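Please build the complete structure, drawing on both the sequences and the hints.
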Amino acid sequence: MPNVIESQTSDGGFARAAARVSAGVAPSSRKPKRSGLSLGELAERFDCTVQGDADIRLTHVSTLEDADAQAITFVANARYLPMLASTQAGAVILSPQYAGQSPIPALIARNPYATYARVASVLHPVPAAQPGAHPTSVIGRGVHLEAGVSVGPGCVIEEGASLGTNVVLGPHCVVMRNAHIAANTRLVARVTVCADVTIGERCILHPGVVVGSDGFGNAPDNGAWVKIPQLGSVRIGNDVEIGANTTIDRGTLKDTVIEDGVRLDNLIQVAHNVRIGAHTAVAALVGIAGSTTIGKHCVIAGKVGIADQLEICDGVTVMAMTAVGASIHKPGVYSGAIGMDEVTRFRRSAVRFRQLDEMAKEIRALKKAPG
Amino acid sequence: MPNVIESQTSDGGFARAAARVSAGVAPSSRKPKRSGLSLGELAERFDCTVQGDADIRLTHVSTLEDADAQAITFVANARYLPMLASTQAGAVILSPQYAGQSPIPALIARNPYATYARVASVLHPVPAAQPGAHPTSVIGRGVHLEAGVSVGPGCVIEEGASLGTNVVLGPHCVVMRNAHIAANTRLVARVTVCADVTIGERCILHPGVVVGSDGFGNAPDNGAWVKIPQLGSVRIGNDVEIGANTTIDRGTLKDTVIEDGVRLDNLIQVAHNVRIGAHTAVAALVGIAGSTTIGKHCVIAGKVGIADQLEICDGVTVMAMTAVGASIHKPGVYSGAIGMDEVTRFRRSAVRFRQLDEMAKEIRALKKAPG
Amino acid sequence: MPNVIESQTSDGGFARAAARVSAGVAPSSRKPKRSGLSLGELAERFDCTVQGDADIRLTHVSTLEDADAQAITFVANARYLPMLASTQAGAVILSPQYAGQSPIPALIARNPYATYARVASVLHPVPAAQPGAHPTSVIGRGVHLEAGVSVGPGCVIEEGASLGTNVVLGPHCVVMRNAHIAANTRLVARVTVCADVTIGERCILHPGVVVGSDGFGNAPDNGAWVKIPQLGSVRIGNDVEIGANTTIDRGTLKDTVIEDGVRLDNLIQVAHNVRIGAHTAVAALVGIAGSTTIGKHCVIAGKVGIADQLEICDGVTVMAMTAVGASIHKPGVYSGAIGMDEVTRFRRSAVRFRQLDEMAKEIRALKKAPG
Chain L
1 MPNVIESQTS
11 DGGFARAAAR
21 VSAGVAPSSR
31 KPKRSGLSLG
41 ELAERFDCTV
51 QGDADIRLTH
61 VSTLEDADAQ
71 AITFVANARY
81 LPMLASTQAG
91 AVILSPQYAG
101 QSPIPALIAR
111 NPYATYARVA
121 SVLHPVPAAQ
131 PGAHPTSVIG
141 RGVHLEAGVS
151 VGPGCVIEEG
161 ASLGTNVVLG
171 PHCVVMRNAH
181 IAANTRLVAR
191 VTVCADVTIG
201 ERCILHPGVV
211 VGSDGFGNAP
221 DNGAWVKIPQ
231 LGSVRIGNDV
241 EIGANTTIDR
251 GTLKDTVIED
261 GVRLDNLIQV
271 AHNVRIGAHT
281 AVAALVGIAG
291 STTIGKHCVI
301 AGKVGIADQL
311 EICDGVTVMA
321 MTAVGASIHK
331 PGVYSGAIGM
341 DEVTRFRRSA
351 VRFRQLDEMA
361 KEIRALKKAP
371 G
Chain A
1 MPNVIESQTS
11 DGGFARAAAR
21 VSAGVAPSSR
31 KPKRSGLSLG
41 ELAERFDCTV
51 QGDADIRLTH
61 VSTLEDADAQ
71 AITFVANARY
81 LPMLASTQAG
91 AVILSPQYAG
101 QSPIPALIAR
111 NPYATYARVA
121 SVLHPVPAAQ
131 PGAHPTSVIG
141 RGVHLEAGVS
151 VGPGCVIEEG
161 ASLGTNVVLG
171 PHCVVMRNAH
181 IAANTRLVAR
191 VTVCADVTIG
201 ERCILHPGVV
211 VGSDGFGNAP
221 DNGAWVKIPQ
231 LGSVRIGNDV
241 EIGANTTIDR
251 GTLKDTVIED
261 GVRLDNLIQV
271 AHNVRIGAHT
281 AVAALVGIAG
291 STTIGKHCVI
301 AGKVGIADQL
311 EICDGVTVMA
321 MTAVGASIHK
331 PGVYSGAIGM
341 DEVTRFRRSA
351 VRFRQLDEMA
361 KEIRALKKAP
371 G
Chain W
1 MPNVIESQTS
11 DGGFARAAAR
21 VSAGVAPSSR
31 KPKRSGLSLG
41 ELAERFDCTV
51 QGDADIRLTH
61 VSTLEDADAQ
71 AITFVANARY
81 LPMLASTQAG
91 AVILSPQYAG
101 QSPIPALIAR
111 NPYATYARVA
121 SVLHPVPAAQ
131 PGAHPTSVIG
141 RGVHLEAGVS
151 VGPGCVIEEG
161 ASLGTNVVLG
171 PHCVVMRNAH
181 IAANTRLVAR
191 VTVCADVTIG
201 ERCILHPGVV
211 VGSDGFGNAP
221 DNGAWVKIPQ
231 LGSVRIGNDV
241 EIGANTTIDR
251 GTLKDTVIED
261 GVRLDNLIQV
271 AHNVRIGAHT
281 AVAALVGIAG
291 STTIGKHCVI
301 AGKVGIADQL
311 EICDGVTVMA
321 MTAVGASIHK
331 PGVYSGAIGM
341 DEVTRFRRSA
351 VRFRQLDEMA
361 KEIRALKKAP
371 G
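Chains L, A and W are the protein sequences, given in the same order.
For the first sequence, the numbering used here assigns the number 1 to the initial residue and increments by one for each residue that follows.
For the second sequence, the numbering used here assigns the number 1 to the initial residue and increments by one for each residue that follows.
For the third sequence, the numbering used here assigns the number 1 to the initial residue and increments by one for each residue that follows.
The set of hints was computed from the structure by calculation and includes no laboratory data.
Everything numeric in this text was worked out from a predicted model, so none of it was measured.
Any given hint could be a false lead.
[Unchecked claim] Chain L is nowhere near these chain A residues, computed Cβ spacing over 10 Å in every case: (1) Leu37; (2) Gly40; (3) Arg79; (4) Leu81; (5) Leu84; (6) Pro220; (7) His329; (8) Lys330.
[Claimed, not checked] Computed cross-link-like contacts, DSSO-like style, restricted to lysine-lysine with a CA-CA straight-line distance of at most 30 Å: (9) A:Lys368 - W:Lys367; (10) W:Lys367 - A:Lys367; (11) W:Lys367 - L:Lys368; (12) L:Lys367 - W:Lys368; (13) W:Lys296 - W:Lys361; (14) L:Lys361 - A:Lys368; (15) W:Lys296 - W:Lys330; (16) W:Lys367 - A:Lys361; (17) A:Lys361 - L:Lys367; (18) A:Lys227 - W:Lys296; (19) A:Lys227 - A:Lys254; (20) A:Lys361 - W:Lys368; (21) A:Lys367 - W:Lys361; (22) L:Lys368 - W:Lys368; (23) L:Lys361 - A:Lys330; (24) L:Lys330 - W:Lys361; (25) L:Lys227 - A:Lys330; (26) L:Lys330 - L:Lys296; (27) L:Lys367 - A:Lys367; (28) L:Lys368 - A:Lys361; (29) W:Lys361 - A:Lys361.
Backbone N, C-alpha and C fix where the C-beta goes; we use that ideal spot for every residue, glycine too.
So, in structure tokens, the structure goes:
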């Protein structure tokens with residue numbers, strides 16, 4: 001039983017029987033690799049140019065101010081260029097236009113921030129999960145598990161579900177009947193994937209995510225509600241990331257759809273039959289009501305609410321806390337949050353807000369008055 | 001041990017010992033019954049009238065456009081009547097006023113949408129859960145389980161808790177000390193029911209729901225907070241549905257109360273000592289602050305915030321994203337979200353909003369000025 | 001195996017093997033201690049003065065109207081003083097200024113509400129958790145558990161994590177690699193603590209909390225998003241309470257920090273690199289965006305949104321549903337929610353809001369017009 005390694009708990013008072021090692025768990029600490037990579041190796045891997053010593057070895061990423069000689073940092077905003085004079089970093093990632101301003105070795109990149117992200121991923125890899133199923137996991141009949149799958153402690157995989165190559169389920173994930181999770185997707189911990197849901201490749205679902213819960217469908221009848229069975233499912237594309245405790249409801253008859261490359265932050269509600277277009281990013285605490293379609297390449301900022309049955313076209317940015325009550329047919333930036341004020345001043349404005357129609361009529365009357 | 005069925009995982013690399021079948025799990029896929037029901041049988045069951053061939057057999061529900069000959073669909077809105085000309089559905093649910101417009105067999109119903117919901121429930125039943133407790137569940141002393149109870153993998157039921165007839169706990173539910181869940185209620189998965197909470201019959205609690213967490217009570221003292229023990233509980237009536245990751249806090253001294261037939265969507269916060277009246281529906285991401293009472297038959301739309309210590313009377317509708325800062329004593333519809341605008345126009349309005357008191361005074365001055 | 005006590009489930013139909021008692025679970029019901037304490041004992045313990053019979057025994061706290069002779073209640077607001085005439089309480093907690101108005105024995109306290117909180121904690125103690133690890137828990141290599149630790153059913157503690165003295169993990173908690181939880185902290189149930197997170201002493205984390213999930217960091221590149229690895233962690237101080245389903249993201253490079261004594265309600269989002277100052281309280285459904293710093297002794301009311309990169313100074317109160325889009329450098333109360341109105345009136349105001357700039361210009365024109 002190679003997955004079961006003797007526990008080394010330090011408290012002798014604990015029963016041996018109680019201490020089972022968590023094989024199949026993805027180790028989570030992202031300590032940099034001690035060996036690191038040379039600046040030249042990084043340049044080759046990410047199709048960048050080296051300026052200065054290509055042999056300098058870099059083991060980790062850092063901020064400009066905390067960097068040491070083994071660190072690589074980045075400047076994506078001209079405002080931070082002056083800090084290059086004092087940084088202790090071994091190297092910096094810079095765009096060509098600022099290359100001349102670097103006193104230290106540099107990785108010249110078309111998109112320094114994205115290149116930083118890729119360099120960080122390589123220098124601080126997510127620890128590999130141990131393939132296999134933890135002995136405390138519960139796996140139903142007819143479950144299909146491809147090679148390299150890791151199933152953590154306490155996971156439950158119901159009948160007919162399938163996990164693609166190298167899928168990682170962290171502790172306490174539940175994958176219900178006939179759900180399908182494609183290759184290289186990772187459920188960090190305590191994720192619930194309901195029946196029939198399909199999730200694409202290379203997705204990351206964070207703790208507490210619920211995909212495929214029943215949509216909120218209720219028909220009024222004689223003063224009470226009759227539940228509308230939610231018979232659709234949820235289809236999630238490739239390269240999607242879903243933040244902690246976000247919920248995505250299954251469709252009523254058709255499916256709720258999250259297209260490729262979408263990024264959802266924490267505590268978002270995606271209602272039934274919603275479609276979110278490819279590469280759209282949605283920040284925390286946003287609510288998207290039923291049957292609304294959001295286009296591709298949109299950015300929905302935090303705490304926005306989007307009403308039901310709307311269409312938001314591609315390329316729309318909605319600023320934080322906006323109430324979107326109508327469809328948007330033109331790309332652009334939309335806003336709707338009044339912003340704060342000192343409370344007594346704000347209250348005066350809010351009282352006047354209720355008098356606005358009266359004020360408008362008074363202005364009209366004044367304009368008509370004989371001068 | 002009839003609950004333990006040999007695993008049939010497809011990956012030979014997985015330890016047999018690790019693969020235990022999830023007996024006691026509610027199968028979740030809602031495939032239609034192949035035999036179906038005749039239109040006449042549906043009419044009899046739901047007290048409707050048949051128009052056309054009563055013997056046509058229907059196996060599933062569908063949208064108007066996706067229907068085939070075994071599907072029954074519905075039209076609750078005159079806007080969709082023209083689609084009846086082209087639908088391939090075997091039958092349609094219609095109100096008497098539109099009966100004459102159907103070219104296909106019809107189920108004539110007083111409330112087509114509610115009838116559709118009931119027909120869908122019959123044609124797509126929630127798969128029956130297998131009675132019994134999964135071997136990985138943990139059941140405390142003095143737990144009382146009525147006949148037909150199904151306890152899924154990894155569930156924890158603490159001392160003194162009780163589950164009524166046919167209660168279903170999906171995977172990973174936690175029912176704490178002395179909680180009581182009445183007959184035919186279903187906790188879908190990963191629901192936490194804290195100590196002493198009572199839940200009525202035929203409720204559905206979706207994944208991630210927390211009922212009975214401590215209310216947010218803090219007394220300031222010398223610049224720090226002293227926690228107010230939350231000694232009340234939560235009482236939930238019959239036929240209540242609670243959406244994914246919604247939280248309902250226990251009362252401080254008295255109980256938080258959710259009356260019969262209430263529908264709560266996802267990610268809602270119900271604070272301590274709140275009471276929500278019967279048949280009120282609350283959409284996602286709503287927050288209801290402490291000790292507020294909401295009447296019966298209210299509809300609270302998404303992302304509304306309701307302040308503490310308020311009373312909302314019966315029959316109130318609050319539109320999305322409204323800040324309810326005062327009690328409502330008159331049934332009706334209330335609103336409070338300004339809505340969005342293109343960002344530069346919105347910002348001009350928002351700047352003027354801060355000048356509103358000044359503007360009102362200027363108008364007054366102009367009116368008083370000698371003409 | 002003292003932790004494993006024979007199950008006494010009442011349903012003979014359940015397999016014995018399936019019924020394991022939940023040793024290590026904190027009993028949750030907070031029944032008062034039958035013996036109680038005398039008024040004099042309470043006075044001594046909390047540095048108060050007794051007025052009237054110091055020997056009266058009190059077993060529980062109560063509201064003024066529900067109290068019986070063994071109950072102690074409190075009046076912190078002069079509005080409730082008249083109720084003292086009719087209460088059946090054995091004693092009341094009062095400030096010195098109202099002492100003369102009590103017809104019943106009284107505990108005279110500088111801060112009656114805080115004293116009530118402390119008295120309630122003593123009369124209704126949280127039931128002690130049974131030390132030890134439940135046999136269904138999974139404990140990794142190199143986990144360090146101090147004396148008195150209680151690990152509930154289904155908990156998973158990964159390699160290198162450590163729990164201080166008397167830490168209680170309720171059912172289904174997950175503590176990932178190298179996380180550290182200090183003495184006397186309690187994770188009620190189903191809490192996820194991600195890798196490397198540190199949590200101080202005497203904290204309480206409610207069900208569904210996620211600490212240390214990845215922050216929402218994405219670099220745009222060629223129309224897609226590149227994930228920014230989230231390499232920082234989360235540091236939580238002492239005496240912090242975190243409400244159900246709240247999420248706290250780990251930092252990008254530095255840590256997200258929650259200082260001592262902070263109180264977070266349910267369903268809050270704390271983004272990466274945020275710092276919340278000591279003794280600040282944050283109500284439900286608040287979102288705090290990345291890298292924002294909130295000072296000490298602030299109160300952030302429900303559903304507030306705070307944009308990224310801001311600084312909120314000490315001593316700020318933000319009222320419910322305010323959109324905080326700029327830093328606050330002066331202590332005080334800030335507001336931003338317009339509030340509700342009957343829907344047709346509100347809509348008229350909202351339409352005029354969009355015309356505000358025009359109205360302001362019309363007023364200016366009228367003022368300039370020859371009178």
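* Going back to the hint list, which numbers does this structure go against? -> 13
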